[in-house]
Amino acid sequence: MAELKTRLEEMIGRNNCLADEEMKKHTTFRVGGPADIYVTPNIAQLPQVIRVCMEENVPYYIVGNGSNLLVSDSGYRGVIIELKKNASKIFIRKPDEPMEDDASIIEADAGALLSTVATSALNVALKGFEFAAGIPGTVGGAVSMNAGAYGGEIKDVLIDAKVYDIEADEIKTLSNEELKLGYRRSVISDGGYVVLSARIKLSKGEHDSILAYMNELKEKRVSKQPLDMPSAGSTFKRPEGYFAGKLIEDAGLKGFAVGGAMVSQKHAGFVVNAKDATASDIYTLIKAIQKIVKDRFDVELEPEVKMI
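Taking the working numbering as reference, the numbering of the sequence shown is continuous, increasing by one, and the terminal residue is 330.
Distance ranges between label pairs, derived from CB positions:
| # | residue 1 | residue 2 | range |
| --- | --- | --- | --- |
| 1 | SER96 | THR28 | 20 to 28 Å |
| 2 | PHE113 | VAL80 | 31 to 39 Å |
| 3 | ASP272 | LYS202 | 29 to 37 Å |
List time: in silico DSS-like cross-link candidates among lysine-lysine, alpha-carbon distance up to 25 Å:
| # | residue 1 | residue 2 |
| --- | --- | --- |
| 4 | LYS309 | LYS259 |
| 5 | LYS107 | LYS194 |
| 6 | LYS309 | LYS276 |
| 7 | LYS288 | LYS46 |
| 8 | LYS268 | LYS288 |
| 9 | LYS184 | LYS328 |
| 10 | LYS149 | LYS184 |
| 11 | LYS240 | LYS288 |
| 12 | LYS46 | LYS259 |
| 13 | LYS194 | LYS223 |
| 14 | LYS116 | LYS194 |
| 15 | LYS259 | LYS240 |
| 16 | LYS226 | LYS177 |
| 17 | LYS116 | LYS223 |
| 18 | LYS309 | LYS268 |
| 19 | LYS149 | LYS202 |
| 20 | LYS328 | LYS309 |
| 21 | LYS242 | LYS259 |
| 22 | LYS309 | LYS297 |
| 23 | LYS27 | LYS107 |
| 24 | LYS246 | LYS276 |
| 25 | LYS328 | LYS177 |
| 26 | LYS184 | LYS107 |
| 27 | LYS276 | LYS242 |
| 28 | LYS246 | LYS297 |
| 29 | LYS328 | LYS106 |
| 30 | LYS184 | LYS111 |
| 31 | LYS46 | LYS107 |
| 32 | LYS149 | LYS177 |
| 33 | LYS313 | LYS328 |
By construction, these hints were calculated from the structure, which means they are not laboratory data.
Note that the structure is predicted; figures quoted are calculated from it, not measured.
By construction, the Cβ of each residue, glycine as well, lies at the ideal position given by its N, Cα and C atoms.
Modelling step: build the complete structure from the supplied sequences, incorporating the hints.
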C-alpha cells in the first residue's frame, strides 16, 4: 500500500493523497472508519488513478459528496477517490446551433455539487434544474442514479455524459438514451463506467420566478425532511405501488432506534444519526426495518444508500 501511495502522490500531488483518512468526515451520515488511502484527483487524472489501482490490484471506490453512502466502522481497505474537491468545474455555453426556448447548455464535472449547478443556472436565468437544488449530491452520482425530486429527474434535462470506460480504457460520450436512465439506476450504476462530466440543456426563464420556485421547494424540504440531523437522504428506494416512508410509518417505526441511529420522527423514510451513531447502528436499524416491513406488509424494501 505504501508503494501505491507513493505512485499516487507522484501523479496527483502529496496534498491530494492522504493515508488513514476517517470517512466520517466525508459522509453526510457522519460515520465511517479510515480509508487506507484517500485521493482527490481532477478529472484528467481520474482515469490514471483508476488504472494505477487496477495495476496494483487494490480495490477503489469513487465518491462525491458522500451523501448516499454508509461506510463501515472498520473503514475501507483500499483507495477512496473523491471528486468534489478538484473535479467540480462548471461551464455555461450557448449551443453551436439554436435550440428551442433559447436554451443553453451547462457542462459540469462529475464532482460539481447539484446545488452549485442549480445556483449557476439561476444566476443566468436558466430554468429546469430547480428540482435538483436541494439534492445533496454531485453530478456524477446524480447521473449514475438518475437522481430526482419533486417531479423532476436528471434524465429530463441531460443531453449526454462523458465517461471513462474502464474495461476498454478509453473515454467516450454516452447519450441520454445510451445511459438507459431509469428509477435510481443507469448503465453507470450497473458498473463498467465512471462519469467524468455531463451536459444538461436548460431553457431561458425569469430569474425571480426561478428563485421563487427554488425557495418553494426548499420550504417543502425543510417542513417535511429531518435536515437538522445527519442522514443519507431517503434510505430506501420506492417499492413499486408503495411509498417506503408510508410503509415504515404504518409499521409503527417512527422513532424506532438502534443505538444512536433512529427512524426520523419527522419523515419515516429517513434513517438519521440521532446521537453519535455508529455505522453498525445504522446498518442494524436498516436491516430491522426491512424485516419488520416484510413481515407486516410482505414488501421488500431495497436500500437506496450504498454500503461499503
